[in-house]
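Chemist: Numbered per my numbering, the sequence shown spans residues 1 to 825.
For the record, the hints were derived by calculation from the structure and aren't laboratory data.
Do not rely on the hints blindly, as some may be mistaken.
With a cut-off of at most 27 Å between alpha-carbon atoms, the simulated DSS-like pairs for lysine-lysine come out as follows [as the list claims (entries may be wrong)]:
hint, residue 1, residue 2
1, K595, K558
2, K558, K546
3, K579, K604
Restraint ranges, calculated between C-beta atoms of paired labels, are given here [claimed, not checked]:
hint, residue 1, residue 2, range
4, E273, Q82, 46 to 54 Å
5, E406, E47, 46 to 54 Å
6, T377, N298, 38 to 46 Å
We put the beta carbon where it would ideally sit given N, CA and C, even for glycine.
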Amino acid sequence: MAATFRSVVLGQHEIAAIVFAFQFGLYEDVRPAFRACHQLVEFVGNEYECDVSFHTAFAPDAAPEGGYTLFRASYYNLRPRQRDARFPLHVAIAEGCVQLTKRMLRCRPDLASRDAIILAFMKNRLEIVELLLDEREKVPELHQGDDIARTNTTTAERDLRHPSNFLSEMLVRADTRGVDLLQHFGPRPTDFGTVSKMLAIARATLENATLALNVFPWLTYPRLLDYVAARGFVPLVQSLHERGLECSTDAMNAAAAHGHLDVVRFLHLHRREGCTTNAMDMAAALGHVEVVQFLHVNRTEGCTSYALDCATRNGHLDVVRFLVENRAEGASPNILNDAAGNGHLDVVQYLHTLGSFGCTVAAVDDAAKNGHLEVVTFLLTNRSEGCSRDVVVRNALKSGHLRTAEYLLSLGYPLPTSVFVTGKKNLRKPEMVGVVQLLLAHGVPCDQHWIVQASAVNNVPLVRFLHAHTDPSAHPYAISVAIRGKAWDVAALSCGAVDVVSRMLQRQPELRHDNLLDLAVPNHNTDALQYLLTAGIGKPRACLVKIAGRRRHWTASKLVLPYCMDASNHLDNVLFLLKLYEESADRARTLELIKPALACHARKASQTVEFASSVAARATTLLQTDGVVDGALALVISHLCATDTDVTTARLTSLVDLVVDDELQTQLHRLPEIAVLVFEFQFGVCGDVRQALRACDALVEYDRSSYVSFPTVIAPHAAWEGSTRSFGAPGYWLCNCQRGARHVPIYEGFARLAKRLVLHSLATEGAMVVFALLENRCAVVKFEMEQRTNVSGLRRGVHTQKRTSLHANHAEGAILCALLHPCHR
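With the hints as extra help, turn the sequences into a complete structure.
Modeler: Okay, here's the thing in structure tokens:
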């Protein structure tokens with residue numbers, strides 16, 4: 001291989017780096033990332049929505065962490081309400097692409113900002129944080145930025161901005177590396193509001209919280225000691241106490257609630273704020289028996305009945321026993337119901353043995369509804385309250401607790417005649433198939449709502465079972481009340497359950513909704529989209545019209561396009577593709593999509609459709625090279641001129657205007673069909689009409705409602721029927737009070753000249769049509785009637801046309817008269 005400048009000089013990275021340092025543009029290795037951001041991403045509102053292929057196109061060598069297709073501007077520290085040029089760099093940082101980030105900084109330092117460093121902190125990309133901090137000497141832009149979390153915002157508003165939360169991301173780490181880098185970064189006290197500081201301390205480890213409070217004195221905020229006590233950080237509580245920070249009763253209350261006995265003991269010994277009854281109440285509710293015991297022995301605030309209620313409800317037997325034996329606050333009536341409903345068998349047994357705690361039928365009812373079979377068995381065996389006989393089995397089945405329902409049925413409790421299962425959590429349970437089988441086995445009719453509900457939560461096994469056992473006649477109604485008022489397969493599509501959709505649509509073709517394609521595309525569900533297209537469901541062309549040229553739907557567009565093509569009608573395919581191109585808001589992107597298909601079908605269509613002879617050579621050349629669109633346009637224009645008599649000037653000229661090649665465009669404008677139509681709609685008159693009008697103006701005198709002229713000059717190449725030199729205005733259906741000789745060619749039978757006058761809008765009243773009919777100039781009448789929609793003057797003067805049928809001298813004229821006036825038929 002021959003040596004080149006690129007291979008020899010630029011192949012040496014040291015030399016290439018020096019050369020590129022003085023060049024403006026993108027490096028080869030970062031170009032795919034910028035191309036992906038340009039071609040596959042749309043900015044809508046405050047969000048960047050991308051195509052499913054974006055991650056692979058952006059960083060082909062990196063494994064994307066997720067298949068998400070939506071980037072919220074605030075989550076990526078980007079400007080709101082406008083597309084931010086820094087998007088590629090910020091995505092590289094967020095995705096952890098260290099080398100790509102470094103290369104972007106080299107060739108596009110203008111994208112760098114302080115916000116990029118904050119984003120690296122937000123996404124916990126500490127390796128990139130180190131890189132950016134080290135690069136600040138070479139890239140001064142990293143010291144600058146929009147400071148999105150600070151600009152024009154109050155402290156409360158800053159607390160709601162995502163960038164301010166990067167402090168908590170660093171303090172929650174298991175090491176102190178994040179805090180060390182924060183210190184190197186140098187955050188400003190005004191960067192964070194009180195809520196951000198509180199969140200950071202609430203999530204911090206002891207080591208990070210201690211270090212951060214030492215290196216960032218501004219991190220202190222009111223009631224800091226209360227929050228540190230809640231975290232159980234005894235050394236830090238002691239340190240803050242020694243610094244003289246204040247606290248409230250919330251400090252001991254929170255420490256007790258979280259079971260931090262050492263903190264409770266420290267505060268009890270060294271502080272005077274004390275606590276409230278909330279301390280023991282919450283410690284009991286959360287099962288911290290040692291804290292309850294300490295407070296009982298050392299404090300006087302005591303507790304309320306809430307302590308025993310919550311300890312019983314939450315199943316903390318040791319706390320329940322201590323409170324029963326040592327406190328006198330008692331509990332609420334029928335507290336045993338709560339213990340049973342939550343399945344705490346040991347607490348139920350303990351309270352039962354005391355004999356002083358009662359319950360109601362709700363104990364068994366709630367235990368059965370929640371599937372606590374052992375509690376149900378104990379209560380029905382050892383207590384007399386029983387349960388709600390008619391609903392207990394129903395409640396168990398509604399919640400999907402098959403074993404509990406079977407036990408109750410074995411005791412003779414009745415099976416409900418119908419069950420309406422509710423709740424997504426219950427419907428997702430695998431046991432629901434067994435529940436339905438049990439109901440059907442006992443003769444309970446299958447409810448049409450079951451299949452709708454199962455589809456909504458994507459319980460595929462249950463849907464398959466119900467599909468085989470549900471009356472097909474009930475399906476349309478069930479689907480009509482499904483998710484979003486659509487069919488159940490729509491709900492399944494949203495979950496990607498293509499196999500379920502396939503089974504349902506094979507069995508019930510009437511569910512093949514045309515809008516399913518439109519539902520699959522916004523969700524970027526390529527599997528569902530591919531299935532629908534393969535199954536022939538939906539209208540691919542209508543779908544493609546909506547998404548062609550859209551950057552976020554590039555993959556979907558490529559999937560849909562082949563299904564828009566007719567295997568036999570290549571010309572129709574070309575017409576569709578050109579219309580797609582013509583109406584697209586992004587023609588360049590649409591052309592990239594359709595170009596291969598357009599070239600293929602245009603070449604095939606050219607085998608049966610002939611080019612106009614004057615454009616054939618140039619159009620064929622373009623069609624075989626890079627000018628596919630121009631060649632296809634020439635083919636379509638040639639076809640329309642040759643076959644479509646109804647084609648309008650506007651349509652032809654709009655197609656010609658799409659042609660880019662100057663030579664071909666000039667040739668198309670010279671086509672007789674286009675040239676004539678174009679000239680006819682230009683201001684002015686053509687040469688043949690100009691001579692007639694000039695003769696009427698220069699050689700005709702108007703004298704008292706009559707005209708005197710020299711006919712041979714008006715139409716020198718026509719054979720005049722007579723030598724008339726005088727034309728009375730009434731005889732030629734002209735106005736007596738004004739000059740005008742436009743009806744003379746009609747009277748003399750000059751059909752071509754009359755038609756040209758019509759096209760030049762010289763037909764200023766409907767009388768011109770009537771006059772032609774009276775003179776039996778049927779060719780002119782036909783043409784005038786065809787042009788009535790285009791020439792408004794031909795539709796006026798209706799009052800003069802009422803006599804037309806009386807003057808028609810032969811059959812053809814009578815027919816034309818009837819067509820002209822349907823009311824006279």
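Chemist: Evaluate each hint against the coordinates.
Modeler: Hints, one by one, checked against the model:
{"no.": "1", "hint": "K595 x K558", "in the structure": "12 Å, holds"}
{"no.": "2", "hint": "K558 x K546", "in the structure": "13 Å, holds"}
{"no.": "3", "hint": "K579 x K604", "in the structure": "18 Å, holds"}
{"no.": "4", "hint": "E273 x Q82: 46 to 54 Å", "in the structure": "51 Å, holds"}
{"no.": "5", "hint": "E406 x E47: 46 to 54 Å", "in the structure": "51 Å, holds"}
{"no.": "6", "hint": "T377 x N298: 38 to 46 Å", "in the structure": "42 Å, holds"}
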